[in-house]
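Following the hints, put chain B in place on chain A, whose structure we already have.
As they're listed, the protein sequences go chains A and B. Its first residue numbered 118, the first sequence is counted upward by one per residue in this note's numbering. Its first residue numbered 1251, the second sequence is counted upward by one per residue in this note's numbering.
No lab work stands behind these hints: they were computed from the structure. Fair warning: there could be bad hints in the mix.
Mimicking DSS-like on lysine-lysine, the simulated pairs with C-alpha atoms at most 30 angstroms apart in a straight line are [what the hints assert, rightly or not]:
(1) A/Lys229 x A/Lys176
(2) A/Lys149 x A/Lys164
(3) B/Lys1415 x A/Lys176
(4) A/Lys164 x A/Lys176
(5) B/Lys1415 x A/Lys229
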Amino acid sequence: MLEQYIGATVMFIMAIGIACGMVFMTSVLGPKRHFAEKMEPFECGEKQIVSPHQRFSVKFYLVAVLFVLFDIEAVFFFPWAILFKKLGMFGFVEMLFFIIILGVGLCYVWIKGGLDWE
Amino acid sequence: MELLIFYPLAGFCVLMGLGVIISSSPINSALSLIAMMMGLAGVFVLQQAHFLAILQIIVYAGAIMVLFMFVIMLLNLKSAEEDTWSIRPQNTYVSVLTGFLALGALYKIACVISQAKLDSPAAVPDDFGTVVRVGTTLFTDFVLPFEVASILLLAAMVGAVVLAKNKID
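Isolated chain A (complex conformation) (with noise of 0.2 angstroms):
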């Protein structure tokens, strides 16, 4: 039962390894010279002019609540597109509805401006 997972793993293992070689090879090979605003975690390489410690816009928080309504909304992609041939044109008409409310509410977002910035 678990033979199937061996792809998966040698898969997962070989991502860990390019991403540990990527960084070890930068640390190795990379040149090296540092100088203190270099060192620093914020704004690195400039001399810092404001604090990072400061409070960002809420605007962002409604960005990210309607990204995490779209994400939920693609997972049900993931297994409609698996059964799409067997579901045949039932399946697709059921979609079709989804896709329109969700439509209606992405309609609505847009008027309303809630994908401007300003």
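Positioned in the frame of chain A, the structure of chain B alone reads:
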């Protein structure tokens, strides 16, 4: 073989869960929570709940954590570091209350586990919990709840815009 994978994963989850509550920096807590969710997704895969594992990573580790990060960024981190959570007196009551709640929940879970017949696993089909199986059930037997879910998402969108947009303008 399964237990050999399960125990490290479960141990990793518990360690990261402890990291969430022990670390004083909210960013460290959030990162521990992401690691815990990844470990939990691994446990789900081990239980053949593939779709749940995908949901765990995409929705929880991906989307919900973004909300957590934004809450951390919206609050002022510097002031949060200065007055630590434990010194405020009204928090003692909240801590005791949540402690009792957690204790009650744990007791209930322990009761259920002790009564469950773990020796004889329930007869489930081979593809139980896979994306195909969950999808088939969702798109045939539960069409109406699936469509209602879209209306729920629509209501959430409208609510988010009405609440946030009025405050901004």
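Taking the hints in turn, this is what the structure says about them:
Restraint check: the Cα-Cα separation between A/Lys229 and A/Lys176 comes to about 14 angstroms, which is no more than 30 angstroms; the hinted pair holds. For the proposed pair A/Lys149 and A/Lys164, the alpha carbon gap of about 19 angstroms is at most 30 angstroms, so the pair holds. Note on B/Lys1415 and A/Lys176: the hinted pairing holds, with a Cα-Cα distance of about 8 angstroms set against a maximum of 30 angstroms. Annotation: proposed proximity of A/Lys164 to A/Lys176 holds, straight-line Cα distance about 28 angstroms (limit 30 angstroms).
Restraint check for B/Lys1415 and A/Lys229: the C-alpha separation of about 8 angstroms stays at or below 30 angstroms, so the hint holds.
This entry satisfies every hint, going by the numbered hints stated previously.
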